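S.K.: Take a look at the letters that make up each chain.
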Amino acid sequence: MSQSQPIPAHDHSPTSPLSIHDMTVSYHRRPVLWDVDLDIPDGRLVALVGPNGAGKSTLLKACMGMIPRTSGEVHVYGKPFEKNRHMVGYVPQRESVDWDFPVSALDVAAMGLYRKIGWFRPVGRAHREMALEALDRVGMADFAGRQISQLSGGQQQRVFLARALAQNARLYLMDEPFAGVDAATEEAIVGILRSMRKEGRTVLVVHHDLQTVSHYFDDVILLNMRVVAWGPVKEVYTGENLRKTFGGRLTLLSDAAEAFASRPGS
Amino acid sequence: MIELVWLPLDTWIVAIAVVISMACALPGCFLLLRGQAMLGDAIAHAVLPGIALGYLLFGHSDPGVMIIAAALMGILTAFLVQLVHRVGGVEEGAAMGVVFTSLFALGLVLVRRAADDVHLDAEHVIFGAIELAPARVVDLFGWDIPRGLLVSSIMLLLNLVFVFVLYKELRLTVFDPSFAEVTGRRPGLVHYLLIGSTAATMVVAFEAVGSILVLAMLIVPPAMARLVTNRLMPMILISLVLAGICAALGHLSAITLPQVLGFEDASTSGMIAVVSGFLFLGVFFFAPGNGLVPRQVYHLRRAIRTISEDVLGALYRVRELTGDGKAGVDKAHLAALLGGGIPLFLALMRLHRRRKIRKSGDLYILTDAGEASARRLVRRHRLWESWLVEELGVRPDHVHGTAERLEHLVSENITSSLEKANVGRRLDPHGEEIPDKEGSDDTDQNVT
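In order, the protein sequences belong to chains R and D.
Going by numbering that gives the first Met the number 0, the first residue of the first sequence is number 0, and it counts up by one from there.
Going by numbering that gives the first Met the number 0, the first residue of the second sequence is number 0, and it counts up by one from there.
None of these hints come from the bench; they were simulated from the model.
Since this is a predicted model, take the numbers as computed values, not measurements.
Output of the computed footprint for chain R on chain D, the stretches with three or more beta carbons under 8 angstroms from beta carbons of chain R:
#1 172-178
#2 181-189
#3 224-237
Ideal Cβ placement from N, Cα and C applies to all residues, glycine included.
Using the sequences and the accompanying hints, generate a full structural model.
M.R.: In structure tokens, the structure reads:
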């Protein structure tokens, strides 16, 4: 289902892990995402690709209610995100936290279980074992006791992945899990993504490396303030669509965004 | 001569100071980790109008009302800072500066207004009046205890409950608020609870130590604890202990030091801050693991071990070359070979003490035990050389320096892998014999 403009209206099937309908998001009145419509199919690895400032992270965050939406709706398996929060796993950008924080790799992995553990209850032995299993899946079990600042960038990224695995969600949103990791870690992460797909999970990944998109992913979303194209990689990931996404600014749209942002007298 | 006059009053003062200090350290740990130590300062100042309003409205200070008013004031401060920061587009530090100075100034005006009715003046605002705290007592199950102690104990208890009941939520929201948000852990709520707890604690501390020095209690013990440990729970517990020590030593210094230094008197709150500062320096230099001095000591000890092993290696090679079991080397030659100075001197002392070498005239000679250690060392050296040449294809004239460093590794895993990789080799790349493995490896452990 290769699609370019115009994007037809979707019926939001309850089976779609993530269904976005006409979502617009603005920062300080400057629109950064226009009229996003997406229906992510179940059990796929999906790359979210676009130039800097295209709104990739914003799209993830707006889906999870971390950034207010100006308009539009987001449904996770047929219900608003807030109702189906437990079905969503999240891997934020690695730079978003302070890695000097005095916790161990195991402590971080266990954070994926906090929702399950519930308020006021401590992390028990069974939970620590589950966290250790998650670390084991990403090949970090030997580093469970390490303080996180003593890990390399790639290892830190794996710890984040372990935390997400511990969440045991059905839909995963990952913000640049491949950023700044070495080749071995990249391969390990791809292996984990594939095993997640085998378990029927859906993973949406903000991805930067245009070379590897068709190798790693089933579907691709090309984003530049709006969805330029999305669908199976084979059909959508074409030179022309890439040019539309990366080449030349979408002048009229960006001009409009500037106009919204500018204030009278400034 | 220091004349220590310790009155029951002093015991009460120390008790109050210790309890307040510990109560401050709890939220302090999390503020510090959030990188918001200065928000503590902002709150400490901004609660002043709340306190002054309390005096004005109720004539006297009812602790319950004051604490709640201050907690709200603190939350208002944090909220206003965010508002100025987000809406006004002002940098966060500047936003804090705007909000807390304004509120503090408002507070001072109100204090001025209240001063006609109640005893509250600028000096109190700055230094507090812990010396006066024991004067006001309340009756608790037939015991007369200072009201300040009762109030601060309740505060400490509340903070302990807060931090330990919400321990994992605090840890998550401070470490990764966005993940906390996505997983429905309400980071905003947890943060404002932290701010509320900080503000309430500030008010309790305010009476005793004033609104400026309280920052020492809020931040310095957690900062010291952070230097000592890499774990959150130990950090919290250590900061509690250090907070208590600072407070107790602070008062002790306040009543003894003025005699020594020859001035009239010192305020307990001021001395707590001074003691905290000095303790911090001490921790900075001497903290196990991270402190400057232990790090230097560690490096020196490692250097001595390495040189000791190099001495053994050198003596062994001399014996090998001359074929003379009694061949030795004098200190000047060893120094020329290995670099002299204190490390060599200490290394020779160490080898002597362990009976690895003995001295005959000016010459140092291997003992039997020394020879066994040296043999294993040289074996490792030559195994490494062989391995580097055969497995990695390094040119034979390039491997000595690398092997010289690798030979000091005695990790069992590495050594056994090295043995396996070199099975059957008798000669090293330079044609020298690799000594046999014999006996157990009792070489000094040297972890690199």
